[in-house]
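Undergrad: Residue strings, one per chain:
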Amino acid sequence: MAFDVSKFKPKSADELFDGLVSVVKDVALEQWTQIKGEMTYHFKFIAEKTAEVAAKLAGGIIDDKEADATLHLLEVNLNSALKQFAFMAYVTAQKILSAVFNLLKSAIRNLTGVKLLF
Amino acid sequence: MRFSAFASSVCLPVLLAGCLTFAPKYSDVIFQKLGVVGTELTKLEILIETRAPQPVAYSGVEPLYISALASAKEAQDLATKRPAYLEGQPAAKAAELVAQNIQACWDAIEFSRKRFAREGQARNELDNIAIVKNICAIPKTMEGALK
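For the record, the sequence lines run as chains U and C.
Note that the working numbering has the first sequence beginning at 1, numbered continuously upward.
Note that the working numbering has the second sequence beginning at 1, numbered continuously upward.
Just so you know, the hints here were simulated from the structure itself, not pulled from any lab data.
Be aware that one or more of the hints could be misleading.
Straight-line C-alpha distance at most 27 Å; calculated DSS-like pairs for lysine-lysine [stated by the list, open to error]:
| # | chain 1 | residue 1 | chain 2 | residue 2 |
| --- | --- | --- | --- | --- |
| 1 | U | Lys36 | C | Lys25 |
| 2 | C | Lys114 | U | Lys65 |
| 3 | C | Lys93 | C | Lys147 |
| 4 | U | Lys65 | U | Lys95 |
| 5 | U | Lys115 | C | Lys93 |
| 6 | U | Lys36 | C | Lys93 |
Counterexamples of contact, computed for chain U against chain C with all Cβ distances above 12 Å [stated by the list, open to error]:
| # | residue |
| --- | --- |
| 7 | Phe3 |
| 8 | Asp4 |
| 9 | Lys7 |
| 10 | Pro10 |
| 11 | Ser12 |
| 12 | Ala13 |
| 13 | Glu15 |
| 14 | Asp18 |
| 15 | Asp26 |
| 16 | Lys36 |
Owing to the predicted nature of the structure, the values given are computational and were not obtained by experimental measurement.
Here a beta-carbon is modelled for each residue, glycine too, at the ideal position from N, C-alpha and C.
Could you put together the complete structure from these sequences and hints?
TA: Here it is, written out as C-alpha cells:
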C-alpha cells in the first residue's frame, strides 16, 4: 500500500492506529517475502544435494566414506539455514521498530510543527 | 548505517523503554571478509573443474583453503566481539547468530580441507565445495540484511 509517511497527519487516535498498522503490515510483508525466498532456496539446495549423494552412492560412483562427508556438510548447511531464519526475525523486529518510530515522529511533526530529534 | 543512526538517536525519548535494539549494526568489514571467503572457494571450484577428470593434489588446493580459512577467521574475530557490547539487548542474540554461522563456515572449510589432506580429492568433491560455499554465503547474506 502506498503510504506517504512524511505527510501523515492523523486527526484521531484511530487514524494514528490505522497508520501504524499499515506501516507494520508493509514492513512485515516485505520481510516475509524475503524470508520465504531464502528458506525455499536453502531447502531446495539441501534436498537436491541429498538426492545426488543418494544416487551417486547407489550407483557406486562414491563410497560410504565420501557420502558421509557430504552428508555431514549438508547437516551443517541445514543448521546454518535455520539460524538464518531465527536471525531474520530479529531483523524484522528492528525494521518494524524503526518504521513505527518514523511514523510517530512524522505525525508529531505534521501535527505540531515540532521536529523531534529522535 | 540506518540502524546505528536509529540506535543512537532514538534513545532520548524512549529512555524509559531502554533504547531497545533488535539487530546489530552492519559491519562492512565482516561483509567484505566473507566475500573473500566466497571468492577463494570459487577459485577452488574452478581449479578442480579445469583439471577434471584428473584429480588435483592436496598441495594444489592448500593455499586456497588456507586463505579462505584466514578470511573467515578475520570475520569471526570481529563478529564474536559484537554480542558483548550489545549485552542485555535482543540484538546481542542476533549478533550471536551471525557469529555462530561464521564459525560454522570456518568449521566446514576446515572439515573439507582435512578430508582432502587425508584422503585426496573425493569423487564428488565439487558437491562438497558447493555446499561449503553455500554454508559460507549464509552469514554473508545475514550481515547484508543489516545494511
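Undergrad: Against each hint, give a clear statement of whether it holds in the structure.
TA: Each hint tested on the structure:
1. Lys36(U) - Lys25(C): holds, 23 Å
2. Lys114(C) - Lys65(U): holds, 14 Å
3. Lys93(C) - Lys147(C): holds, 18 Å
4. Lys65(U) - Lys95(U): violated, 45 Å
5. Lys115(U) - Lys93(C): Cα-Cα ~33 Å, so violated.
6. Lys36(U) - Lys93(C): The hint holds at about 22 Å.
7. Phe3: holds, 19 Å
8. Asp4: holds, 19 Å
9. Lys7: holds, 21 Å
10. Pro10: Proline 10(U) is indeed farther than 12 Å from all Cβ atoms of chain C, at 18 Å.
11. Ser12: holds, 22 Å
12. Ala13: Its Cβ never comes within 12 Å of chain C, the nearest being 19 Å, so this holds.
13. Glu15: Its Cβ never comes within 12 Å of chain C, the nearest being 21 Å, so this holds.
14. Asp18: At roughly 22 Å from the nearest Cβ of chain C, aspartate 18(U) sits farther out than 12 Å, so the non-interface label holds.
15. Asp26: Answer for aspartate 26(U): holds, closest chain C Cβ roughly 16 Å.
16. Lys36: holds, 14 Å
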